[in-house]
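K.L.:
In case you want the letters, here they are:
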Amino acid sequence: MNILENLRIALDNLMLNRLRALLTILGIVIGVAAVTSLISLGRGVEDYIASQFEGLGADILTVRARPPTRGFNRSAITPLTTADVAALESDAIAPSLIAVTAEYQVQGTVVYRYDSISSSIRGVSPNYAAVNDWYPLEGGFFTEQDNTAQSQIAFMGKTAIEDLFGDENYDPTGETILINDLPFTVVGIMEEQSSTFGQDPNSAILVPLLTAQSKLGNARVAGSGYSVSTIQAQIAEDGDVDTATDEIETYLLAEHGITNPDLADFSVSNPETISEARTEVFATLTLFLSAIAAISLLVGGIGVMNIMLVSVSERTREIGLRKAVGARSSDILSQFMIEALMLSLLGGAGGILLALGVTTIAGNALLSGVTPSLSADVFLLATGVCTGIGILFGLYPANRAARMQPIQALRFE
Amino acid sequence: MNDLHSPNGVPVIDIHDITKTYEMGKLTLNVLKGISLQIKRGEFVSIMGPSGSGKSTLMNILGALDQPTSGEYNLDGEDIAKLSQVDLARIRNRKIGFVFQSFNLLKRTSAQRQVELPLIYAGARDRSKRARAALEAVGLQDRLDHLPSELSGGQQQRVAIARAIVGDPSIILADEPTGNLDSKSGTEVMQIFQRLNQEQGITTVFVTHDPWIARHTQRVIMIRDGQIVADQQVAEPLVAGESERPSEAEELQGIFEAAYATPNAGAAD
Chain A
1 MNILENLRIA LDNLMLNRLR ALLTILGIVI GVAAVTSLIS LGRGVEDYIA SQFEGLGADI
61 LTVRARPPTR GFNRSAITPL TTADVAALES DAIAPSLIAV TAEYQVQGTV VYRYDSISSS
121 IRGVSPNYAA VNDWYPLEGG FFTEQDNTAQ SQIAFMGKTA IEDLFGDENY DPTGETILIN
181 DLPFTVVGIM EEQSSTFGQD PNSAILVPLL TAQSKLGNAR VAGSGYSVST IQAQIAEDGD
241 VDTATDEIET YLLAEHGITN PDLADFSVSN PETISEARTE VFATLTLFLS AIAAISLLVG
301 GIGVMNIMLV SVSERTREIG LRKAVGARSS DILSQFMIEA LMLSLLGGAG GILLALGVTT
361 IAGNALLSGV TPSLSADVFL LATGVCTGIG ILFGLYPANR AARMQPIQAL RFE
Chain B
1001 MNDLHSPNGV PVIDIHDITK TYEMGKLTLN VLKGISLQIK RGEFVSIMGP SGSGKSTLMN
1061 ILGALDQPTS GEYNLDGEDI AKLSQVDLAR IRNRKIGFVF QSFNLLKRTS AQRQVELPLI
1121 YAGARDRSKR ARAALEAVGL QDRLDHLPSE LSGGQQQRVA IARAIVGDPS IILADEPTGN
1181 LDSKSGTEVM QIFQRLNQEQ GITTVFVTHD PWIARHTQRV IMIRDGQIVA DQQVAEPLVA
1241 GESERPSEAE ELQGIFEAAY ATPNAGAAD
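Top line first, the protein sequences correspond to chains A and B. Here the first sequence is numbered in this note's numbering, starting from 1 and rising by one per residue. Here the second sequence is numbered in this note's numbering, starting from 1001 and rising by one per residue.
Okay, chain A solo, but in the shape it has when bound:
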């Protein structure tokens, strides 16, 4: 008795009950398609997230004030200030950092002639352009003098220009716009940047930091100069993320009088860690969804078992006859195991094909920019899982067939 003969018997029997086999296979097809397309779409989104963070400087740490994630006193936040910026710039406090830049954001109404837009106005330090590697199309960025003089000048991104002037190719240099009723002179256009997570950096309107802090907002903090929204710190070539983060945290915890790091009222993050965290969150989500989809695979497996039990029961006399003419129990066992495996593997193959279709359509039509990654390991996983299902759900019926006594089986009506 060889495998080929068993394959032939299994195939013959599936062909005899085509519709039944097809419906059983369908259960597996749906389960495998659901799991594999979710995994591949999930991976596609992870790749997409990772690609979005590419190009964002991995050597830049962003410091923000935020409520502590633990503890009872969640409202008392000490704001970040220009004094902190100055301190972090000193080598004594943070030797791993080579540049520190600050940003202060206010909401503003921007008016040009009869058009007005609401926009986030970003006051930035003169070294902001260098740290973020983002420069005006022509000429230089703000100078220290612009800052201390609280000059009313602004750089605009392409999107902001389009919003306000109606044409992104319009050159507004030299135009005067009103921001919160104060006149600002547009002095340049920022380079175009690709957007990240739906946030379009080209919609920015940049003004000198001190201008924003004192003229557009009220950022004065007693004894510490002005508050800032975020601090960006560039790590030196010989520094590393962990040391630099540690230096910033140690300084700010001491400055804010917090002993337990878990109660920190600020966060230090870097694009890489954000990317990793988001990817991790999404991977967990993918896993969770796949686990739910796997339930349908389980149901499909039960379908295989059900139909195999019916098949064994229907063919009791056949089993009796086969045993009477010399089939061993192991022959009968392998005959039915192969049939169950054939059902589940055909289902797996169909599921992979369906998943290919689903992910192609979903990738093209629904999630632009996301390329589903249906790789070899997903195929292997699907094949492995289907083999497992075939064995798991085929074993009981096959064993039942194999253990039949030939006399009783032959008498079965």
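Be a bit skeptical, because a hint or two may be false.
[What the hints assert, rightly or not] Quick list of in silico lysine to aspartate or glutamate cross-link-like pairs, EDC-like style, CA-CA up to 20 Å:
1) B/1026 to B/1014
2) B/1033 to B/1072
3) B/1184 to B/1210
4) B/1082 to B/1017
5) B/1129 to B/1072
6) B/1107 to A/12
7) B/1107 to A/5
8) A/215 to A/181
9) B/1107 to A/314
10) A/215 to A/146
11) B/1129 to A/5
12) B/1107 to B/1066
13) B/1107 to A/413
14) B/1184 to B/1150
15) B/1184 to B/1242
By construction, these hints were calculated from the structure, which means they are not laboratory data.
Using the hints, position chain B against chain A.
P.N.:
Positioned in the frame of chain A, the structure of chain B alone reads:
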């Protein structure tokens, strides 16, 4: 004891003091109560007995489908009373050919493939050649690709006979092989058994309750209540097809109080 009956005197089946007991809860059922018999190579034997006599149990044991509770069973020189399931499967495959009352053919399977079945489990290589030879021996050489649904009852039983002989077994066990057939087909099937027995010397054992069938065999063993009550040679075995089966009216002649007369009395049934 039976050397005279046998063409060459070698016992194919040699059982000694076989018993079979079924435990059914607290009830113990002694189905076979010490049966000893020998069947020689080339014999054509029928085992007769009413329902519940134990003849089916005896056949199951002879066919290695079941094992005796005690006693010895030697089949073609091999002691099989205490073999494992795997070895019993091998014995059934190599040494025994079964023919059943209800044919037991596989659904939607061609005649040739039905006949190949024992050879598949034997791992034989020249399967199709041997299957075709066996089908030719039962006169079905032009029905190789027919499905059971395309064959008459007699033809289906002939396929089953071909399946029984294809592995060249030591013995053919037939359980009421004509029980499901009309008398014409039954006669044809009987002719095949007799021809195979005479021409190829195939040892054949029938299990039947039909005296008319038993009269076509060379020796009749009668069982009642788990014991052999008679074991006789048939003086002149009938040749299938040469004589008409007597009608029920003839068989029951003289048992009625009044004279039994029907309009068709004497006509063929």
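K.L.:
So which hints don't hold here, by number, going up?
P.N.:
1, 5, 12
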